[in-house]
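Q: Assemble the complex: chain A is given as a structure, and chain B must be docked to it using the hints.
2 protein chains.
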Amino acid sequence: MSPGGRLHVVILAGGSGTRFWPLSRASRPKQFLSLVGKVSLLRATWDRARKLVPADRIWTVAPSALATMVRRELPALRRDRLVLEPSPRDTAPAIALACSIIARNDPRAIAAIFPSDHVIRDSAAFKRAVAAGLGAARAGDLVCLGITPDRPATGFGYLKVGARVKPGVANRVLEFVEKPDAARARRFVRSGRYLWNAGMFVWRIDRFLDELRRVAPEVHAATSSVAGGSKAAWRRAPKISVDHAVMEKASHVSVVPLDAGWDDLGSWDAAARHRSSGEGSGDSRVLIGSDGAVVFGGTRVIAVLDLPGVVVVDTKDALLVLPRASSEKVKSVLEAVRAAGRADVL
Amino acid sequence: MSPGGRLHVVILAGGSGTRFWPLSRASRPKQFLSLVGKVSLLRATWDRARKLVPADRIWTVAPSALATMVRRELPALRRDRLVLEPSPRDTAPAIALACSIIARNDPRAIAAIFPSDHVIRDSAAFKRAVAAGLGAARAGDLVCLGITPDRPATGFGYLKVGARVKPGVANRVLEFVEKPDAARARRFVRSGRYLWNAGMFVWRIDRFLDELRRVAPEVHAATSSVAGGSKAAWRRAPKISVDHAVMEKASHVSVVPLDAGWDDLGSWDAAARHRSSGEGSGDSRVLIGSDGAVVFGGTRVIAVLDLPGVVVVDTKDALLVLPRASSEKVKSVLEAVRAAGRADVL
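Chain order of the listed sequences is A and B.
Per the working numbering, the first sequence starts with residue 5, numbered consecutively.
Per the working numbering, the second sequence starts with residue 5, numbered consecutively.
Here chain A stands alone, though its shape is the one from the complex:
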């Protein structure tokens, strides 16, 4: 494979996004929301991709059920660049299918894989990291973009490298580590040898498909059949993440550190952190004695009195009010709404 393989971008547009109910629904998951800034997370991902490659080299993978939403959100997406999953089966089959299809178009392609529901504040730093990843990918590495941790988070998997992480270059990955407890997370961050696994990758497609065939042959077989036209083979693809199916077992895995204001926006609290205090506080929002309170959605007049750090999420048919500190517990609300017989608003 010559170093001249062209870069393609694969945007992963699946995901359920129950954490942002009631703004997100089964029919409109998180990536379609404008949680940070004016455009949706999906559209912002597209805009970043467009700074790397022309539109005809941007591929989007999404469950069939979201096809219309994706097309509406990404009007410049070529119809033949939308890869539809007959049903959601986690990231390994989604990525494998996209890579198989790209390989049929451009066998020497390099793919950069990006989730569509994260925020990245510094697109210049992002572009530099992708460029560094590209170099290592051309040389044959499966490259992760790993987030430089700014706190001992327990909600992410970590990538362990051999020595202190070197910025701006690919570092060999020794180990994928599952979400740690607080004490381990603190040791990880102190050591300077760990990065967060953000599910962003750059690789030569031939290298990825070779590793896939070797370490996850069922995923490879099923998705290459689907790429060849036998849609029914999809159901033989196991539901598994690309980390478990491939990355943890592959050889020549490296990681380029990404320090670009990344956030996976895992909860209302995270989304609230990205709101500047003035944002969305026009003449229809009145917050009194409520520092750190944030209102999402809604065009009505919304007044919050003496409730610091409260989150109000206002939609036409459902309203949620909670303290930012309880953001991780939204799932319990969804269960209660379902139990109350109101699955129609989920």
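No false leads were mixed into what you were given.
These stretches of chain A come out as covered by chain B in the derived footprint (C-beta under 8 Å, 3 or more residues):
(1) 295 to 308
(2) 328 to 336
(3) 339 to 347
Source of the hints: derived by calculation from the structure; they are not laboratory data.
What you are looking at is a predicted structure, and each value in this text was computed from that prediction instead of being measured.
From the three backbone atoms N, C-alpha and C, an ideal C-beta is built for every residue, glycine too.
A: Relative to the frame of chain A, chain B by itself:
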């Protein structure tokens, strides 16, 4: 005046009710809301009145701007029993006008005056108190119904009687006392010699009009002119409460204790106290970890997580969220909404 004078009821249906924004608006004040039970406070007042007298002896005084709302809420109200104030001028002119008009129909009438924005749980006890008041009124007293205090409230005026209050009978009033501070309120309640002034009265109309002429001649002159047909005279009536204008200065004022689950519903917190925990908590309300939280209005799904004692008030074009303990500060929200240029929702 023979003891045979017939009882008429006068319902005071004015009042602005900013404390219940956004459920109450300038165009729909508190008395039109179903804050407790299924019917509006005004309608509940009518229903209590109907247990005392037939419909043709129930008079309702309201500002002209509320006439349509009153008629819609009280379909059994005779058109000629609706007394309209050309503009709101507090209780003295409103009551005086109604009494003058009744006197032209029935000069021997006895009037019972009731605000329309209070709640009274025990209508049997209420009826007994009115009956006791009626006896004293026939004898010539201006009778107040005074609430037996269950706490040293600082939000009400007090009526001081000569000795410990005797239940079931009229006690001579020595003094009208303005809202006391907490220490005085505690002394008042401990003494057993004080009742809350609830703005409910029973009197012979001739006695009231005589006292009015003596102690508040401007109110008497203006309102009797209006009753005679010269509506323009209304603007000469001073804005003053019946307590200040008449009761504090009148002779032969007595008070019958009323212990009937009365509440003036002065705030969202007060309204919340009257909600039984199950009330309004159907399949559209999900409260988790939120003891004492109450939702008013709204037909949407409303979920509250980990916010004990919070009040959510949901209307089509405005939403308010606050802790029950901040209920007294709703006025500051209205000011902020006005300052934000959204007086359209006030």
